[in-house]
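Asker: Residue-level listing of the chains:
Protein chains: 2
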Amino acid sequence: MFVIITYDVGEKRVGKVCKKLREYLDWTQNSVFEGEITKGKLSRCLAELKSIMEVEDSLYLYKVENPRAIKKEVYGTDKSFDQLFL
Amino acid sequence: MFVIITYDVGEKRVGKVCKKLREYLDWTQNSVFEGEITKGKLSRCLAELKSIMEVEDSLYLYKVENPRAIKKEVYGTDKSFDQLFL
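Protein chains in written order, with full-length UniProt numbering: chain W, 1 to 86; chain Y, 1 to 86.
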């Protein structure tokens, strides 16, 4: 399935959450990750994230079973593309 | 259709972009907006955003034609819900 994950966590945990998400998904911009992932890997990723997160943190997960059902368009500078060359 | 819009724009333009998106979609978290929107309104929204954005800014648009094809899950604090009571 295709997923988009956005997060808003305390400053101290941003690095940890970001590093964890990089293991499973592609970074797109700010606190947004996306990518294709299996149900099993997603469960593991979420369990690991929950162990990092505190009560005041939040994480949004958007799931699309059929990756072809979602279309992505980029306007302006594609920062995830830049990132590949940094 | 259901859309998710995330943006990464220069500090000076954050307020304008945010205000414009609020006219068309619901704010969820940080620089992420979501909601159901018609093709016509989306085109108008994008045209208005493009007139605000500069070359170094970026905006990601994820479109799902059938809103039932996308599932949303919230972990931790739902900040968009809090926002309703502020």
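Treat the hints with caution; some may be incorrect.
[Unchecked claim] Taking lysine-lysine pairs in the DSBU-like style, the calculated list, with each CA pair at most 30 Å apart, reads:
(1) Y:Lys-50 / W:Lys-71
(2) Y:Lys-50 / W:Lys-20
(3) Y:Lys-63 / Y:Lys-50
(4) Y:Lys-71 / W:Lys-39
(5) Y:Lys-50 / W:Lys-50
These aren't lab readings, by the way, just hints derived from the structure by calculation.
Asker: Now tell me if each hint is right for this structure.
Answerer: Results of checking the hints against the structure:
Proximity of Lys-50 (chain Y) to Lys-71 (chain W) is assessed by CA-CA distance (about 19 Å); at most 30 Å being required, the pair is judged to hold. Taking the CA atoms of Lys-50 (chain Y) and Lys-20 (chain W), the gap is about 33 Å. The hint is violated against a cut of 30 Å. Taking the CA atoms of Lys-63 (chain Y) and Lys-50 (chain Y), the gap is about 18 Å. The hint holds against a cut of 30 Å. With a C-alpha separation of about 14 Å, the suggested pair Lys-71 (chain Y) and Lys-39 (chain W) falls inside the 30 Å cut-off, and the hint holds.
Straight-line distance between C-alpha atoms of Lys-50 (chain Y) and Lys-50 (chain W) comes to about 37 Å, which puts the hinted pair past the 30 Å bound.
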